[in-house]
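Asks: If you want the building blocks of each chain, they are given just below.
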Amino acid sequence: MTTTTRIERHHYDVVVIGAGGAGLRAAIEARLAGKKTAIISKSLFGKAHTVMAEGGAAAAMGNVNSRDSWQVHFRDTMRGGKFLNNFRMAELHAKESPQRIWELETYGALFDRTKDGRISQRNFGGHEYPRLAHVGDRTGLELIRTLQQKIVSLQQEDRREHGSYDARIRVFAETTITELLLDGDRVAGAFGYYRESGEFILFEAPAVVLATGGVGRSYKVTSNSWEYTGDGHALALRAGATLINMEFLQFHPTGMVWPPSVKGILVTESVRGDGGILKNSEGKRFMFDYVPDVFRKQYADSAAEADRWYEDPDNNRRPPELLPRDEVARAINSEVKAGRGTPAGGVYLDIASRLPAEEIRRRLPSMYHQFKELADVDITREPMEVGPTCHYVMGGVEVDPDSGAALGHVRGLFAAGEVSGGMHGSNRLGGNSLSDLLVFGKRAGGHAASYADGLASRPRVPVPAVETAVETALAPLQRDTGESPYVLQQDLQAVMGDLVGIIRREGELVDALARLGELRERVAKVSAAGGRRYNPGWHLALDLRNMLVVSECTAKAALERRESRGGHTREDHPTMDPAWRRVNQVCSLEGDIVHLDRKPLPRMRPELFALFDRAELAKYLTDEELAEFDALTEEER
Amino acid sequence: MGTEKSQAAGAPATKRQFRIWRGDETGGDLKEYLVEVKEGEVVLDIIHRLQSTEAPDLACRWNCKAGKCGSCSVEINGKPKLACMTRMSTFTADETISVTPLRTFPIVRDLVTDVSFNYEKARETPAFAPPPGVTPGDYRMQQVDVERSQEFRKCIECFLCQTVCHVIRDHEENKPAFAGPRYFIRAAELDMHPLDARDDRKEYAQAEQGLGYCNITKCCTEVCPEHIKITDNGIIPMKERVVDRKYDPLVWLGNKIFRRGQVPQTSVTSEHSPGAVRTPAAGPPGFHSHAGASHDPEAEAQAQAGVNWHREVPKPTAPTLDETGKLPLTELTFDRPAAPSPFGEDVSFPLPPEHLNYAHPEQDKH
Ligand SMILES: Cc1cc2nc3c(=O)[nH]c(=O)nc-3n(C[C@H](O)[C@H](O)[C@H](O)COP(=O)(O)OP(=O)(O)OC[C@H]3O[C@@H](n4cnc5c(N)ncnc54)[C@H](O)[C@@H]3O)c2cc1C
Ligand code: SF4
Ligand code: SF4
Ligand code: FES
Chain P
1 MTTTTRIERH HYDVVVIGAG GAGLRAAIEA RLAGKKTAII SKSLFGKAHT
51 VMAEGGAAAA MGNVNSRDSW QVHFRDTMRG GKFLNNFRMA ELHAKESPQR
101 IWELETYGAL FDRTKDGRIS QRNFGGHEYP RLAHVGDRTG LELIRTLQQK
151 IVSLQQEDRR EHGSYDARIR VFAETTITEL LLDGDRVAGA FGYYRESGEF
201 ILFEAPAVVL ATGGVGRSYK VTSNSWEYTG DGHALALRAG ATLINMEFLQ
251 FHPTGMVWPP SVKGILVTES VRGDGGILKN SEGKRFMFDY VPDVFRKQYA
301 DSAAEADRWY EDPDNNRRPP ELLPRDEVAR AINSEVKAGR GTPAGGVYLD
351 IASRLPAEEI RRRLPSMYHQ FKELADVDIT REPMEVGPTC HYVMGGVEVD
401 PDSGAALGHV RGLFAAGEVS GGMHGSNRLG GNSLSDLLVF GKRAGGHAAS
451 YADGLASRPR VPVPAVETAV ETALAPLQRD TGESPYVLQQ DLQAVMGDLV
501 GIIRREGELV DALARLGELR ERVAKVSAAG GRRYNPGWHL ALDLRNMLVV
551 SECTAKAALE RRESRGGHTR EDHPTMDPAW RRVNQVCSLE GDIVHLDRKP
601 LPRMRPELFA LFDRAELAKY LTDEELAEFD ALTEEER
Chain B
1 MGTEKSQAAG APATKRQFRI WRGDETGGDL KEYLVEVKEG EVVLDIIHRL
51 QSTEAPDLAC RWNCKAGKCG SCSVEINGKP KLACMTRMST FTADETISVT
101 PLRTFPIVRD LVTDVSFNYE KARETPAFAP PPGVTPGDYR MQQVDVERSQ
151 EFRKCIECFL CQTVCHVIRD HEENKPAFAG PRYFIRAAEL DMHPLDARDD
201 RKEYAQAEQG LGYCNITKCC TEVCPEHIKI TDNGIIPMKE RVVDRKYDPL
251 VWLGNKIFRR GQVPQTSVTS EHSPGAVRTP AAGPPGFHSH AGASHDPEAE
301 AQAQAGVNWH REVPKPTAPT LDETGKLPLT ELTFDRPAAP SPFGEDVSFP
351 LPPEHLNYAH PEQDKH
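In the order they appear, the protein sequences are chains P and B. Here the first sequence is numbered in the numbering used here, starting from 1 and rising by one per residue. Here the second sequence is numbered in the numbering used here, starting from 1 and rising by one per residue.
Don't take every hint at face value.
Negatives, chain P to chain B, calculated, CB over 12 Å [to be verified]: (1) Arg67; (2) Arg88; (3) Leu92; (4) Glu204; (5) Asp400; (6) Ile593; (7) Phe612.
Using 30 Å as the maximum straight-line C-alpha spacing, the simulated BS3-like pairs for lysine-lysine come out as follows [to be verified]: (8) P:Lys372 with B:Lys15; (9) B:Lys38 with P:Lys263; (10) P:Lys372 with P:Lys279; (11) P:Lys297 with P:Lys220; (12) B:Lys121 with P:Lys36; (13) P:Lys372 with B:Lys38; (14) B:Lys38 with P:Lys337; (15) P:Lys372 with B:Lys79.
So, partial list: chain P residues that the calculated Cβ filter (under 7 Å) puts toward chain B [to be verified]: (16) Ser43; (17) Glu103; (18) Gln149; (19) Gln156; (20) Arg160; (21) Tyr165.
Hints were generated in silico from the structure; no laboratory data involved. Cβ coordinates follow ideal geometry from the N, Cα and C atoms, glycine included.
Between the sequences and the hints, there should be enough to build the whole structure, so can you do that?
Replies: Shown next, in the form of structure tokens:
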């Protein structure tokens with residue numbers, strides 16, 4: 001370590017990296033468990049990605065349709081994920097999300113209400129009953145603000161008790177973690193820099209919760225912000241943890257496609273939930289042509305039936321616009337490819353002809369606002385032009401379902417939210433993320449706290465590791481011969497968007513891996529102009545290596561998985577293969593090379609299997625598994 | 001989006017003149033840039049283009065690029081705005097566009113300011129107090145009651161209202177005592193929360209947040225990108241309700257505007273304002289609603305019925321502007337910490353409660 005480098009040191013019991021829904025909920029839990037907790041976030045407090053979520057948070061409260069229950073929610077989640085989900089996570093999620101939502105009300109959240117004063121719930125793709133607790137179309141804002149305000153209230157308690165707001169829970173905003181530090185195989189701390197000053201900061205802590213969100217910034221057309229560079233995924237890998245399901249990325253079917261500068265920005269699914277329909281350039285409502293066999297039972301095959309569903313969901317099947325996202329995204333992709341797209345390369349999403357203007361403005365205020373101000377389009381009068389946009393990564397840190405503890409060769413590391421993997425299988429249902437954040441955020445925070453309690457001795461931060469971290473962080477500023485980080489980012493986005501996008505082919509994936517290899521060398525030599533103070537070029541230069549390693553995981557796993565399932569579509573292997581359903585692909589790091597292993601999926605418990613009927617399971621399971629299922633039901637009889 | 005517009009997406013790019021403030025707390029100045037601008041772009045796109053070309057270290061905050069996170073607040077041609085929601089097409093072709101950091105907060109670097117003032121004020125505002133004895137899951141509230149608070153909860157914390165408020169813009173000395181419009185509506189939100197267990201939100205705003213400094217110039221409402229009626233629906237009701245407990249010079253000014261059955265006489269109430277008086281039953285957006293932000297006729301009717309509404313609904317007010325289109329500020333010669341009230345000084349007080357124009361959920365209990 002050069003003696004001139006100043007490093008600010010802090011000691012905490014639990015360090016939570018990420019101030020989105022998952023991070024804040026984890027921090028609240030750790031603080032409630034009496035632990036001294038730090039929250040770290042790359043942007044300002046309250047600006048994390050969660051703020052952008054629109055549609056709602058799924059929880060089977062049964063307020064609108066009393067037939068809803070955790071079992072139905074569990075079933076929908078497994079179906080949506082094409083049975084690749086970690087069943088235990090899906091089960092915990094379905095069981096616990098109602099409590100987590102109700103809890104938010106005790107923190108001051110104000111959800112939209114039903115007539116009898118309970119939390120209102122709305123329809124969403126893939127959910128059998130109206131299930132999404134929401135606030136207009138700004139649910140994520142409500143969620144993050146509520147958690148933010150709960151943290152403030154805990155800080156006020158601490159101030160009354162200990163004289164300082166920061167006594168037991170402190171927020172480090174605009175601070176980026178670049179490295180986790182280990183003592184043997186135990187987490188010992190986290191190293192990073194203040195974005196404002198460029199000064200370094202070291203947290204010594206026995207337990208770290210990763211809640212850093214997703215990876216979408218590696219794609220050009222994305223609904224994700226600059227923060228989503230896969231930092232948590234990469235930190236976990238480098239610390240010896242493993243990632244699963246990295247081939248599964250969700251492309252949201254309806255991103256804005258015009259004007260070009262807003263390409264990718266999300267048009268909430270509630271537009272479809274509230275009656276919006278998709279049309280091609282010939283004016284045809286095309287989704288009826290794309291209902292896959294596995295979903296025929298639940299989705300309408302005529303416009304008349306689909307339209308009746310909004311009023312009478314019990315006696316009609318759902319409109320095909322509400323199919324899970326992967327299906328809708330692929331359908332739009334096919335229409336555009338067949339030359340029936342709009343001039344800007346999307347399809348039309350029409351709500352104007354379906355609802356009175358007044359009603360549209362009331363139900364979808366921020367969409368109305370967004371189109372009016374960004375595209376100069378009045379959605380109460382004209383259709384919107386939409387197309388698929390990279391939205392969510394299903395893959396992430398492989399965790400123990402109950403505690404959120406990362407698997408692999410590391411202890412003291414926990415993960416929750418988008419950065420963790422398994423819960424959503426091969427495809428996430430809309431609304432399942434916000435509830436996922438709360439359920440698993442709470443669990444990870446609680447278990448991190450008890451892990452810290454159970455330690456006989458505190459791990460120590462090794463000095464050489466800190467020195468290396470400092471050198472790595474300063475390197476781009478000290479080089480002036482390398483390329484600009486912005487150019488490298490564009491090149492990376494081009495590789496991922498063109499070769500590892502919605503529809504994948506073997507040749508292209510091989511090509512992508514070769515190009516990522518070249519990029520790796522260029523990224524190693526990146527140089528950033530300017531100084532250490534709030535220098536976005538330098539910040540991007542440091543994020544690039546994370547984006548790169550995560551992209552390699554995705555490309556490798558996508559090449560291996562020779563089938564199409566959920567967020568992974570192979571043109572050369574277009575169908576689902578039951579044998580592949582039993583396999584998770586696990587990424588780990590050996591040196592700095594991404595290594596891929598196969599691992600069998602955990603086996604679902606019999607009573608959960610029994611929630612499905614045989615005909616449905618037959619579409620997903622191998623014959624062998626079906627025989628077991630039959631034996632099982634036999635026994636019960 | 002119309003077909004013709006999309007076809008124009010390939011229109012050739014033009015070069016535009018920008019003037020962007022570069023520097024840090026030790027000083028800096030406006031730098032000229034000639035930048036390519038494409039069709040449909042917003043100011044933030046231009047900043048990103050500069051970052052990836054001439055100025056890789058140009059500091060600017062952003063996240064969502066869709067007006068949802070409130071990160072990208074800057075001043076564009078002197079007006080506080082979200083860079084991601086300011087379309088290039090709103091400027092004339094030969095206009096030089098200046099982009100500067102928020103004036104009210106200390107500079108960090110370039111377009112980034114130190115907004116910690118706001119987080120400190122947030123931390124001082126007492127949090128939601130859950131109703132004792134109500135278990136999670138048993139909260140029952142009516143939509144019309146939550147909508148009042150929901151309007152304020154739309155706030156994306158862009159702090160544009162904070163930067164524009166003249167009480168602290170260029171008045172560093174007022175900062176300790178004044179929380180600013182963002183936190184007045186936080187207090188109002190909790191005050192109107194149907195289940196909040198505290199009943200001293202207004203007194204708190206008055207005593208601790210410096211509500212008395214505010215003289216309803218409405219600049220905050222004007223810049224709010226979420227179109228929250230900060231003054232009409234938040235600040236004014238907060239001021240009015242403290243009247244019988246606490247002196248606030250602004251309250252008696254309110255009297256002047258809201259006198260029963262009388263068309264307000266002061267120039268403050270704009271006759272041309274788009275939200276003229278409508279019958280309470282229904283009205284287009286922009287009319288003065290008593291049912292929060294809903295504009296829903298049914299909710300409106302309920303709100304009216306619930307509070308013995310016996311007066312004409314007043315017009316929304318607009319600030320007095322002088323010939324330059326600016327608010328006349330004569331603070332130097334004035335005896336209060338902020339600018340004089342735009343309502344005139346000739347009203348007597350205290351304001352009789354029946355002249356109050358605000359529907360509190362529990363109004364009838366007091
Ligand atoms: C436009 C949009 C709409 C959506 N709508 C919905 C919806 O309606 N319903 C739903 O369920 N889901 C929705 N989602 C998905 C959902 O919002 C996200 O998956 C979820 O918010 C992720 O939350 P999180 O807590 O995991 O992470 P985030 O909220 O993304 O937070 C990540 C945090 O980690 C911090 N961080 C990252 N890297 C570092 C680092 N190196 N050092 C320090 N801090 C770091 C960031 O600063 C940030 O604070 C939507 C997503 C988008 C983009
Ligand atoms: S109305 Fe009050 S709070 Fe708003 S800008 Fe004017 S003085 Fe400030
Ligand atoms: S009230 Fe409006 S202007 Fe003020 S911070 Fe909130 S959104 Fe921004
Ligand atoms: S970037 Fe989020 S509001 Fe502008």
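Asks: Against this structure, judge whether each hint is valid.
Replies: Checked hints:
no.	hint	verdict
1	Arg67	holds, 18 Å
2	Arg88	holds, 24 Å
3	Leu92	holds, 18 Å
4	Glu204	holds, 25 Å
5	Asp400	holds, 27 Å
6	Ile593	holds, 30 Å
7	Phe612	holds, 29 Å
8	P:Lys372 with B:Lys15	holds, 25 Å
9	B:Lys38 with P:Lys263	holds, 13 Å
10	P:Lys372 with P:Lys279	holds, 21 Å
11	P:Lys297 with P:Lys220	violated, 36 Å
12	B:Lys121 with P:Lys36	holds, 23 Å
13	P:Lys372 with B:Lys38	holds, 19 Å
14	B:Lys38 with P:Lys337	holds, 26 Å
15	P:Lys372 with B:Lys79	holds, 20 Å
16	Ser43	holds, 6 Å
17	Glu103	holds, 5 Å
18	Gln149	holds, 6 Å
19	Gln156	holds, 6 Å
20	Arg160	violated, 11 Å
21	Tyr165	holds, 6 Å
Hints 11, 20, counting from the list given before, are not met by this structure.
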